[in-house]
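Colleague: Listed below, chain by chain, are the residues.
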Amino acid sequence: MTGYLLRKFFQFLLTLLGVAVLIFFIVRVLPGDIVALKLQGDGVTVSADVLAAEKARLGLDKPMLQQLLDWLWGLVNLDLGRSLWTERPVTQEIAERLPLSVELAVLSTILAVVFALPLGIVAALTRGTVVDQGIRLSTVAGLSIPGFWLGLLVQTFLLKTFGWLPSLSGVSWTLDPVGRFAMLIFPALVVAWRMSAMLARMLRSSMLEVLQEDYIRTARAKGVRPRVVVTHHAARNALLPTVTLVGLEFAFLLGGLTVTEQVFNLNGVGRLLVQAVTQNDFMLIQGLVMLFAATFVVVSFVIDLVYGALDPRIRTVR
Amino acid sequence: MLMRRELLPESSHLQSSGTHTGTALAEEGRRPAVSHWNTVTADPGDCLLKVEGLRVSFRTAAREVDIIDGLDFELRRGEVVAVVGESGSGKSVSALAIMGLLPPFARVSAGRVLFQGRNLLELDAAGMRRLRGKDIGMVFQDPMSALNPVLTIGEQIAEPLRLHLGMSHQQARARVLELLNMVGIADAESRIDLYPHEFSGGMRQRVMIAIALACQPSLLIADEPTTALDVTIQAQILELLKNLADRLGIALMLITHNLGVVERYADRVLVMYGGQLVEQGLADTLFHHPRHMYTLGLLRCVPRLEGDIRGKLAEIPGLPPDPREMPPGCRFAPRCPQRIDVCRNEARLVATDVGSASRCHRVTDLAAGSIGWPEPAPGASLIENVPASTHGPAAVGSPAAMPLLEARDLTRVFNVKQGMWGKRRQVTAVRQVNFSLDRGETLGVVGESGCGKSTLARMVLRLDRPSAGQILFGGHDITNLGHRLLRPVRRRMQVVFQDPAASLNPRMTIGQIIGEPMRVHGLVRGDAEEQERVIDLLRQVGLRAELYGRYSHQISGGQRQRVGIARALALDPSLIVCDEAVSALDVSVQAQVVNLLADLQQQRGLAYLFIAHDLALVRRISNRVMVMYLGRVVEYGSREHIYAQPTHPYTRLLLEAVPGTDPREERKRAPILIQGDLPSPFAPPDGCAFRTRCPRATADCARAVPQLREVTSGHYVACDRV
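For the protein sequence lines, the chains are A and B, in the order given.
Count the first sequence with this note's numbering and you get residues 6 to 323, in order.
Count the second sequence with this note's numbering and you get residues 67 to 788, in order.
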């Protein structure tokens, strides 16, 4: 067990190293000069000396290799550097916005699972009937309707019906939990619909497969009630591939909430990423990308563990 | 399916009572002979299950098709009744109909199923559920897939206990341990919390039996319980079922396609064909005095250890009828070698002179002994005798004609990662195997699942690289050849796999499947030539040319296997490896395919490496036989040596597992069964690997691994105790 964990950890570090080096070079290859943007953004003309001084101050005049090593060393110390735009530590910038994104991702995932589970199972059980077709139709809708369009639609609806505008500043949990929840619920629903569509389809097809299996017939031959056959015997097996999908979707969400955050005016890391790219703030970009990569690896690992816990065949080899 | 109606009130005199005549069975396992064919005695209280006029139909796209057409039979307490028939005869469907487990597209269109006096077909769903698992237990065919992989076996066995008998967790667990001991799973305490995939096939089937018997049902239905298992394990499981049925006074309905296996175990036999009951009677009567041509044919097809070793296997030509196009009159007539004009009329069940019932028009002729099942055509001799002395594991490199295939000290070691945490262990699947095979010869490789025979086959075909040792094909060392150099070699050796369904690509037509090898090796120019050659091959394997455009799911198992053979022949190879090529087929179809293989061998001078777990089957087709156990060769010799003088204890036990011809004889002798299961290949026993299951093992056997030594010329055995 320890050997396994150690190996996984080592792989994790190796992946992060690879991502770090890759993102470092990609970002610097992109056109645009942050110094010029920052100082000359409003059409102000600045002399070359000032530009050079600013560059030196930000440490951008050092040789590339030096910058890379500094960056890597910083990573080891969990110091992601300073944002080239705001000059605040990247970790701080991220830390201010991360909780919101995480909350949104978690809430979306929970809602998606809550929707998808009954829908997928019912669709499989009522295969071919109107109910099944209705559910399949709604999943197709969920997959094809663009998130931003739906988000805008929801916001417009809320505005017109309840006169409700999303707050422009952050709302904290301690001061106004209801407000915070209200802020999250609508974007979460939008994201959840799409995610649940995918999960429900996956669950439906694996449920259909499982229901054909011999052990379901054995359960019925024991006289087990149909409901118990479905929940106790069939669903546990059908959920296995869906669990993987949930994990992957969740990992993807953290970085993929960009559009939703933009539409619903939420100050999360997705929005921060867009900002950073626009401003060519590569320290921030690097930091965010490292975060997403790390999240992905950790979530994959957790999925593996969960899968092992759910499916005893993975745990032991005969 | 089941109609929703009120439960019928039970007839008073048909209530289940505590005592029953089943205890009388405990002595000898046989009911006293009775005169009337459906063995209805004067005491109706004895009758547990009575099926009357059962008709089951399937709803297809076009119309409803009758799968079972009027089935009548009875089952009494403590009886063992075997229902025998080929795939598609309706035997499994009848069991499902009794249990109320028919698929949604099937329905019972007529008839009654009386269980303890109640008509099961009139029970509502809840009523039926109360019976299932409690009063009627069922064991299914494939133990590998019949258990839920994410639940422990303890939980699965306890489920009916908690559901029907309302046991608490503790009570259920105690009973589960009792059941596990009863079905012969040793060390129950430590295994109760294991998962199904941690058990072998035979053990899983025992778990299934434990589940079926958990609530002490009065009826146990076993649908082909041993078909998916090795011959040795088959014997164990059937013996277990029989013992339990006797001991607990349970009526057992045993469904199978192999008439041979029921000889030892059944009291009465029902033979089904094309959805009808064609013969019914006491087991002894049926085996000694069959009164239907089909029964006779089935009896002849079972490969046996007696009889002319050189003869062709008797086979039943053709295929079972399509339920959508049933022939009028006797349904077996199209395949019957003794059909006459009157067979075109509808056949009814009539009582026979020996107390059975038969639906054959020629029953009187059979009774008089004037007709029989024709012997296979003389002169179609199966396997020529090859002088044994020049071949043997030690005689490699002899100056005689160079063998086609030679294996020298072949070894294959697997590094296995156990579980998620990656403990690495080694399994030696094949250990120092030596053999040689000449052109036109067949080497039979026999052993249980897990003995390494499939790994050996893969190495010979170079689908896998040996860890040590050499493979010589046509004198050339192919052990380490790369892909490009192997290509011409691959042309000359081909393979037929075990599972006909899985070895044909479901997305390719038959024509494409057979044509592909020729295309790959550039043997044909253009589609027209390919089609011509494919149709020629189809003809050679006995298939109609119109199958060219069909897909594998549209043809039967036997036909698929023939397609596999045609594909193997496409390149005109010198060697064909048959990896359990007939194990998954019905006994009647096995005979056809084996005969075909023998004919092809004669015509083309093919060599076969014939892998199987059934010694009786191998007897017919092999010149020499090699018996393997846990990766090692334990006995090797000519066919005569192995069958006339089996020396190694394992070989003898394998022979013991093959059913004999006379049920009376069979019942008298207690079969010496192989005990236990194959040891884990991760931890083979010290010294002789077989000593844990060997009736002749002593303490010395643990000390040294016995080496192969020559007991007579060309006959090698690896045992120190003989």
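It is worth saying that the hints were derived from the structure and are not from the lab.
Errors might be hidden in some of the hints.
From the structure, some residues in chain A lie toward chain B, with a derived Cβ separation under 7 Å [stated by the list, open to error]:
| id | residue |
| --- | --- |
| 1 | Arg132 |
| 2 | Asp219 |
| 3 | Tyr220 |
| 4 | Thr223 |
| 5 | Arg225 |
| 6 | Ala226 |
| 7 | Lys227 |
| 8 | Gly228 |
| 9 | Arg232 |
| 10 | His238 |
| 11 | Pro317 |
To list a few chain B residues with every Cβ distance to chain A over 10 Å, as calculated [claimed, not checked]:
| id | residue |
| --- | --- |
| 12 | Ser211 |
| 13 | Ser234 |
| 14 | Ile437 |
| 15 | Asp504 |
| 16 | Arg558 |
| 17 | Thr778 |
In this text, a Cβ means the ideal position worked out from N, Cα and C, and glycines have one as well.
Colleague: Give a verdict on every hint.
Modeller: Checked hints:
The closest approach between the C-beta of A/Arg132 and any C-beta of chain B is roughly 10 Å, which is over the 7 Å cut-off, so the hint fails. A distance limit of 7 Å between C-beta atoms decides the matter here; for A/Asp219 the minimum to chain B is near 4 Å, and the interface restraint holds. The closest approach between the C-beta of A/Tyr220 and any C-beta of chain B is roughly 4 Å, which is under the 7 Å cut-off, so the hint is satisfied. For A/Thr223, the interface hint holds, since its Cβ comes within 7 Å of a Cβ in chain B; the closest pair sits about 5 Å apart.
Hint on A/Arg225 holds. Least Cβ distance to chain B is approximately 6 Å, under the 7 Å limit. Hint status for A/Ala226 relative to chain B: holds, with the closest Cβ pair at about 5 Å, below 7 Å. Interface restraint check for A/Lys227: the shortest CB-CB distance to chain B comes to about 4 Å, inside 7 Å, so the restraint holds. Because the smallest distance between the Cβ of A/Gly228 and any Cβ of chain B comes to about 4 Å, under 7 Å, the interface hint for this residue holds.
Proximity of A/Arg232 to chain B is violated relative to the hint, the smallest CB-CB distance being about 12 Å (cut-off 7 Å). Look at A/His238: its Cβ gets to within about 6 Å of chain B, closer than 7 Å, so that hint holds up. Contact between A/Pro317 and chain B, as hinted, is supported at the beta carbon level, the nearest pair being about 4 Å apart and thus within 7 Å. A cut-off of 10 Å between C-beta atoms contradicts the statement that B/Ser211 is not in contact with chain A; the least separation is 4 Å.
Listed as a non-interface residue, B/Ser234 keeps its Cβ farther than 10 Å from every Cβ of chain A; the least gap is roughly 18 Å. The non-interface label for B/Ile437 is consistent with chain A: the shortest C-beta to C-beta separation is roughly 42 Å, beyond 10 Å. Residue placement check: B/Asp504 keeps its beta carbon more than 10 Å from all beta carbons of chain A (closest about 38 Å). The claim that B/Arg558 is not at the interface with chain A holds, since no C-beta of that chain comes within 10 Å of its own (minimum 36 Å).
Every C-beta of chain A lies more than 10 Å from that of B/Thr778, the closest at about 40 Å, which supports listing it as non-interface.
Violation of the numbered hints given earlier is confined to hints 1, 9 and 12; the remaining hints are satisfied by the structure.
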